[in-house]
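Following the hints, put chain B in place on chain A, whose structure we already have.
Number of protein chains: 2
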Amino acid sequence: MEPLELHIIGCGSANPTQRHRPACQVLSTRGKLFMIDCGEGTQVRFAKQGLSMKRVGHIFISHAHGDHCLGLPGLICTMSLLGRTAQLHIHGPQELEAFLQSAIGLFCPNLEFEVLFHAVDTKKHQIIYEDKSIEVWSLPLYHRVPCCGYLFREKPSLPHIRRDMIDMYEIPVSQINNIKAGMDWTLPDGTVVPNENLVTPPTPSRSFAYCSDTTPLPSLVPMIKDVDLLFHEATFDQENEFRAKQTYHSTTLEAAEIAKEAHVGQLCIGHYSSRMRDEEKMLLEACSIFPNTILADEGKTVIITPTTR
Amino acid sequence: MEPLELHIIGCGSANPTQRHRPACQVLSTRGKLFMIDCGEGTQVRFAKQGLSMKRVGHIFISHAHGDHCLGLPGLICTMSLLGRTAQLHIHGPQELEAFLQSAIGLFCPNLEFEVLFHAVDTKKHQIIYEDKSIEVWSLPLYHRVPCCGYLFREKPSLPHIRRDMIDMYEIPVSQINNIKAGMDWTLPDGTVVPNENLVTPPTPSRSFAYCSDTTPLPSLVPMIKDVDLLFHEATFDQENEFRAKQTYHSTTLEAAEIAKEAHVGQLCIGHYSSRMRDEEKMLLEACSIFPNTILADEGKTVIITPTTR
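Protein sequences, first through last, are from chains A and B. Sequence positions in the first sequence follow numbering that gives the first Met the number 0 and run 0 to 308. Sequence positions in the second sequence follow numbering that gives the first Met the number 0 and run 0 to 308.
These are computed hints drawn from the structure, not numbers from a lab. Some clues are possibly wrong.
Since the list gives no way to pick out one identical chain from another, each pair is judged satisfied if it fits inside one copy or across any two copies.
With a Cα cut of at most 30 Å, we get these calculated DSSO-like pairs of lysine-lysine [stated by the list, open to error]:
{"no.": "1", "residue 1": "Lys244", "residue 2": "Lys31"}
{"no.": "2", "residue 1": "Lys299", "residue 2": "Lys280"}
{"no.": "3", "residue 1": "Lys224", "residue 2": "Lys31"}
{"no.": "4", "residue 1": "Lys280", "residue 2": "Lys47"}
{"no.": "5", "residue 1": "Lys53", "residue 2": "Lys244"}
{"no.": "6", "residue 1": "Lys31", "residue 2": "Lys123"}
{"no.": "7", "residue 1": "Lys299", "residue 2": "Lys154"}
{"no.": "8", "residue 1": "Lys280", "residue 2": "Lys31"}
{"no.": "9", "residue 1": "Lys123", "residue 2": "Lys47"}
{"no.": "10", "residue 1": "Lys299", "residue 2": "Lys47"}
{"no.": "11", "residue 1": "Lys53", "residue 2": "Lys224"}
Next comes chain A alone, as it looks inside the complex:
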């Protein structure tokens, strides 16, 4: 099974600290890198993690706050310096487009690749991108400005052919796709070999939801039901619940509650406020409600595995 990995590039919040940097995550699957948010300094930390810019075709921005997108102009300039010719797709709230155009016009007016901006309706839960192996859905969030999360869901794959059976029954190659699609096989003597004898079950699809920044939203629960990994912001610990409310952010307990309700496989929390000094305490708080919680940290890679239920 091809690994599906989440690389944490930055998991701080608006006021960057020496410990945590502005938001960026990268989902790696089948040779493609999907970037999610792109705070200032992303390009350097991205390279530090051994990732290649050439493999980034799509960038998904949650909202037009600086700590989620100020790394874009520099990233695009560097892609240009490195001789990129492939299109770059940027998905995000409409507000972002004029800024991007202004930055590109000034800093890299002679780009040799197209930057295509796709406005995302942050109020709708809908497919905004798909290719043959993955779908990306928008997840409406509620923050001080239009904001959405993103749900990455692998498409169901076909069952695996049992090579030994194919050989034994001398099934021609031309029939393999039919077998994968569920067809039984009839032997020359009329015996029917049922399809389940010819295949093994498909690789389970995996899914990842990215939810940052938002007040806790029960309406999210059905949209992210059963995802294997949920990143949910927890800007504050429970002690700072009031501050979280004030700034349209979530606390550890609120993030964990969403994870529990949505019955996700694993929860990763981050987007730590610069006021938070004790992440272990935050982890304990979240684990008290949803035990399979981990802390985001710069340089961390989370392998997303299908949840056994």
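Structure of chain B alone, referenced to chain A:
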């Protein structure tokens, strides 16, 4: 004597590496910090060096290339988060203003402090800022886009009063400023005490010139004559002279030649291309023409002292 210090925040060039970051330097004098260029990631590295954003009142941008100014929006947002109310002055080529406005409008529309943009005529050598202790001059450079350097020159200070003499001759406080201004003192018996017996020489003024990015420009020499510290870009070593020409940059030898011609006290080179791996070789090259050369490096602080000639 109040120290005059140059802090190197970033000394890489357009393509950032793990070793060097985009351009930024900070000149520290009498409690004030003058920032010069502000590449992506400046705010974090600035804080890492223990510098305080509150002390930054003026930022001088050499040109509108991303590696010299993409740190501005994030820096301004963070200043806002930290509750700044004092005006912030940004000096730089006119091209920069629309981008800054677009970024501020989108990312920090409710700033509680004014950001005042002052367009600098990059073709003129003139005073663009002064206060009671320092003058800042623009230095026309020649790059792919309008570009200028900046010369910081302390104003000449007055001689120091010799307290012992003032007491001995019972000179009233009301006369101190006249004495500082050069007046002799006449005793009741008509004896004239010459001014030089009443004062010690003024603290020598110090100066710093920042020249980045540029093709080597002999026309700079008279403008930066005798400065105590010259930062001159040396993006390439001598082997890459052709590449330097192509990109309107300078080599080690070219930077050192300017330093020698201008008879500066010390030369600091930097703005290293990501292609340069051997900075010691670059240093040796520069020293072969101008021995008092040092290498810029992130985190380095250079104390600027008056040159003994």
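Status of each hint after checking the structure:
Proximity of Lys244 to Lys31 under the C-alpha cut-off of 30 Å is found in neither arrangement, the shortest distances being 37 Å within a copy and 38 Å between copies. In this assembly of identical chains, the alpha carbons of Lys299 and Lys280 lie at most 30 Å apart only when taken from the same copy (19 Å versus 37 Å across copies). Proximity of Lys224 and Lys31 under a CA criterion of 30 Å is satisfied intra-copy only: 25 Å inside one chain copy versus 54 Å between copies. Within a single copy, Lys280 and Lys47 get their C-alpha atoms as close as 29 Å, and across copies as close as 26 Å, so both meet the 30 Å cut-off.
For the homomeric pair Lys53 and Lys244, the shortest alpha-carbon distance between copies (28 Å) is at most 30 Å, but the shortest distance inside one copy (40 Å) is not. In the homo-oligomer, the alpha carbons of Lys31 and Lys123 lie at most 30 Å apart inside one protomer (26 Å), although the nearest pairing across protomers, at 49 Å, exceeds that limit. Taking the shortest Cα distances, Lys299 and Lys154 sit within 30 Å of each other inside one copy (26 Å), while across copies they are farther apart (52 Å). When the C-alpha separation of Lys280 and Lys31 is checked against a cutoff of 30 Å, the pair qualifies neither within a copy, at 35 Å, nor between copies, at 39 Å.
In this assembly of identical chains, the alpha carbons of Lys123 and Lys47 never lie at most 30 Å apart, being 35 Å within a copy and 41 Å across copies at closest. Proximity of Lys299 and Lys47 under a CA criterion of 30 Å is satisfied in both settings, with 12 Å inside one chain copy and 22 Å between copies. When the C-alpha separation of Lys53 and Lys224 is checked against a cutoff of 30 Å, the pair qualifies neither within a copy, at 33 Å, nor between copies, at 46 Å.
Consistency note: the structure conflicts with the earlier hints numbered 1, 8, 9 and 11.
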